[in-house]
Amino acid sequence: KQEVTQIPAALSVPEGENLVLNCSFTDSAIYNLQWFRQDPGKGLTSLLLIQSSQREQTSGRLNASLDKSSGRSTLYIAASQPGDSATYLCAVKVGTDKLIFGTGTRLQVFP
Amino acid sequence: DTGVSQNPRHKITKRGQNVTFRCDPISEHNRLYWYRQTLGQGPEFLTYFQNEAQLEKSRLLSDRFSAERPKGSFSTLEIQRTEQGDSAMYLCASSLEGHLEAFFGQGTRLTVV
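One line per chain: the protein sequences are A and B, in this order.
Numbering-wise, the working numbering puts 36 at position 36 of the first sequence, and it's gapless, one number per residue.
Numbering-wise, the working numbering puts 45 at position 45 of the second sequence, and it's gapless, one number per residue.
These aren't lab readings, by the way, just hints derived from the structure by calculation.
Check the hints yourself; a few may be wrong.
Simulated crosslink set (EDC-like; lysine to aspartate or glutamate; CA at most 20 Å straight-line) [said to hold, decoys possible]:
1) B:71 x B:24
2) B:11 x B:24
3) B:57 x A:97
4) B:57 x A:3
5) B:14 x B:86
6) B:11 x B:56
7) A:42 x A:84
8) A:42 x B:24
9) B:57 x B:78
10) B:14 x B:78
11) A:1 x B:56
12) B:11 x B:86
13) A:68 x A:56
14) B:14 x B:83
15) A:42 x B:101
16) A:42 x B:86
17) B:57 x B:86
18) B:71 x B:52
19) A:42 x B:44
20) B:57 x B:44
21) A:1 x A:84
22) A:1 x A:27
23) B:57 x B:68
24) B:71 x B:28
25) A:68 x A:27
26) A:1 x B:44
27) A:68 x B:101
Not everything, but these chain B residues come out facing chain A in the computed CB check (under 8 Å) [claimed, not checked]:
28) 33
29) 41
30) 42
31) 45
32) 48
33) 88
34) 91
35) 101
36) 106
37) 109
Note that this is a predicted model, so its numbers are computed, not measured.
Think of the CB as a built atom: it goes at the ideal place given N, C-alpha and C, for glycine as much as any other residue.
If we strip away everything but chain A, and leave its shape as in the complex, we get (with noise of 0.2 Å):
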C-alpha cells in the first residue's frame, strides 16, 4: 500500500530564507507526483508536477525534484516571502489513477 510522509509537519521562518519541504513515498511505481498549495479553507493550487521520468520541475522561485528510486521528493522555495505562508501538499500518482496525498507541511514565514 503506498504511504506518503511529509516532513517537517510545521515550519516557521523569517522572510527571504530558502526553504526546503520533503515528501517520502513507500512504492516506486508512480506515474507522477504533483506539489500543491493550499490555503486555509481553501481548495488546491498546482504548483508543480513531475512526470516518473523525470528528474525535475521549475517555476519561479520554486524547484522540485523527484528520485524516484529512494522515494524521495523535493520542494525547494527560494527566498521566502510571507505570502508563501500555506500548507504545501505532495501526491503521487498511482496506476489506478488516483492521487495518495501526503498530510502536509504548514509554512509560515514572518516578515
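Take the given structure of chain A and dock chain B to it, following the hints.
Relative to the frame of chain A, chain B by itself:
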C-alpha cells in the same frame, strides 16, 4: 474557462438530512475525481469518472454516498442520512486522460450538526 467550479462552497446540515454537491470540471477534461479532506489531513480519494463511467470507488465511500456524472460533464456527490463524521471538505478535481496534471476546485465545506 475559469477552472473547476464547486457548489455550494459551504453547507451546514442537521444530522440525518441528505445533501448534494455539484462539480463542474474544466470543459475539455474527461476525468473527474472526488476527494474528502478532514482537518489537518491530506485529501483522501473517494471516486473517479472517465466521461460518464465511474471507474473506481474507495472503501471510504459507504452505501450512503453516491456520485454521478450523467452526461460526462458535471458531477454530483450525494450523501444520505448525514452523520457528524461526514463533516469535511469535499474536493473535486479534473484532468485530461492520461497521467497529466490534476486541477482542483475550491471545495465544499460540509458541517453536520
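Results for each hint:
1. A C-alpha spacing of about 12 Å is found between residue 71 of chain B and residue 24 of chain B, which places the hinted pair at or below 20 Å, so the restraint holds.
2. Proximity of residue 11 of chain B to residue 24 of chain B is assessed by CA-CA distance (about 17 Å); at most 20 Å being required, the pair is judged to hold.
3. The hinted pair formed by residue 57 of chain B and residue 97 of chain A meets the criterion: a straight-line CA distance of about 12 Å does not exceed 20 Å.
4. Taking the CA atoms of residue 57 of chain B and residue 3 of chain A, the gap is about 19 Å. The hint holds against a cut of 20 Å.
5. For the given pair, residue 14 of chain B sits about 11 Å from residue 86 of chain B by alpha-carbon distance, which is consistent with the 20 Å threshold.
6. Annotation: proposed proximity of residue 11 of chain B to residue 56 of chain B is violated, straight-line Cα distance about 26 Å (limit 20 Å).
7. A C-alpha spacing of about 15 Å is found between residue 42 of chain A and residue 84 of chain A, which places the hinted pair at or below 20 Å, so the restraint holds.
8. For the hint pairing residue 42 of chain A with residue 24 of chain B, the CA-to-CA distance comes to about 17 Å; that is within 20 Å, so the pair holds.
9. Taking the CA atoms of residue 57 of chain B and residue 78 of chain B, the gap is near 14 Å; set against the 20 Å cutoff, the hint holds.
10. Between residue 14 of chain B and residue 78 of chain B the alpha-carbon distance is near 15 Å, which keeps this suggested pair within the 20 Å criterion.
11. Simply put, residue 1 of chain A and residue 56 of chain B have alpha-carbon atoms about 16 Å apart, close enough for the 20 Å limit, and the pair holds.
12. Simply put, residue 11 of chain B and residue 86 of chain B have alpha-carbon atoms about 12 Å apart, close enough for the 20 Å limit, and the pair holds.
13. For the suggested pair residue 68 of chain A and residue 56 of chain A, the alpha carbons sit about 11 Å apart, so the restraint of at most 20 Å is met.
14. At roughly 8 Å between alpha-carbon atoms, residue 14 of chain B and residue 83 of chain B fall within 20 Å of each other, so this suggested pair holds.
15. At roughly 19 Å between alpha-carbon atoms, residue 42 of chain A and residue 101 of chain B fall within 20 Å of each other, so this suggested pair holds.
16. Proposed proximity of residue 42 of chain A and residue 86 of chain B is supported: the alpha carbons are some 18 Å apart, at most 20 Å.
17. Proximity of residue 57 of chain B to residue 86 of chain B is assessed by CA-CA distance (about 17 Å); at most 20 Å being required, the pair is judged to hold.
18. For a cut-off of 20 Å, the pair hint linking residue 71 of chain B to residue 52 of chain B stands: about 6 Å separates their Cα positions.
19. Note on residue 42 of chain A and residue 44 of chain B: the hinted pairing holds, with a Cα-Cα distance of about 16 Å set against a maximum of 20 Å.
20. Proximity of residue 57 of chain B to residue 44 of chain B is assessed by CA-CA distance (about 12 Å); at most 20 Å being required, the pair is judged to hold.
21. With a CA separation close to 32 Å, the supplied pair residue 1 of chain A and residue 84 of chain A exceeds the 20 Å bound.
22. In summary, the hint linking residue 1 of chain A to residue 27 of chain A is supported, as the alpha carbons are separated by about 8 Å, within the 20 Å threshold.
23. Between residue 57 of chain B and residue 68 of chain B the CA atoms are separated by roughly 12 Å; this keeps the pair inside 20 Å, and the hint holds.
24. Proposed proximity of residue 71 of chain B and residue 28 of chain B is supported: the alpha carbons are some 13 Å apart, at most 20 Å.
25. Proximity of residue 68 of chain A to residue 27 of chain A is assessed by CA-CA distance (about 9 Å); at most 20 Å being required, the pair is judged to hold.
26. At roughly 14 Å between alpha-carbon atoms, residue 1 of chain A and residue 44 of chain B fall within 20 Å of each other, so this suggested pair holds.
27. The suggested pairing of residue 68 of chain A with residue 101 of chain B holds, with an alpha-carbon distance near 18 Å, which does not exceed 20 Å.
28. With a least beta-carbon distance of about 7 Å to chain A, the hint placing residue 33 of chain B at the interface is held under the 8 Å criterion.
29. With a least beta-carbon distance of about 6 Å to chain A, the hint placing residue 41 of chain B at the interface is held under the 8 Å criterion.
30. With its C-beta approaching chain A no nearer than about 3 Å, residue 42 of chain B sits inside the 8 Å limit, and its interface hint holds.
31. A cut of 8 Å between beta carbons decides the hint on residue 45 of chain B: the least distance to chain A is about 4 Å, and the hint holds.
32. At its closest, the beta carbon of residue 48 of chain B sits 6 Å from a beta carbon of chain A; the interface hint therefore holds under the 8 Å criterion.
33. The interface hint given for residue 88 of chain B is broken, as the beta carbon of that residue sits about 12 Å from the closest beta carbon of chain A, more than 8 Å.
34. The criterion of a C-beta within 8 Å of any C-beta in chain A is met by residue 91 of chain B, whose closest approach is roughly 6 Å, and the hint holds.
35. Annotation: interface hint on residue 101 of chain B holds; nearest CB of chain A at approximately 5 Å, less than 8 Å.
36. A least Cβ separation of about 4 Å between residue 106 of chain B and chain A falls short of the 8 Å threshold, and the interface hint therefore holds.
37. Using the Cβ-Cβ criterion of 8 Å, the hint placing residue 109 of chain B at the interface with chain A is satisfied: the shortest such distance is roughly 7 Å.
Comparing the model with each earlier hint shows violations of hints 6, 21 and 33; every other hint is respected.
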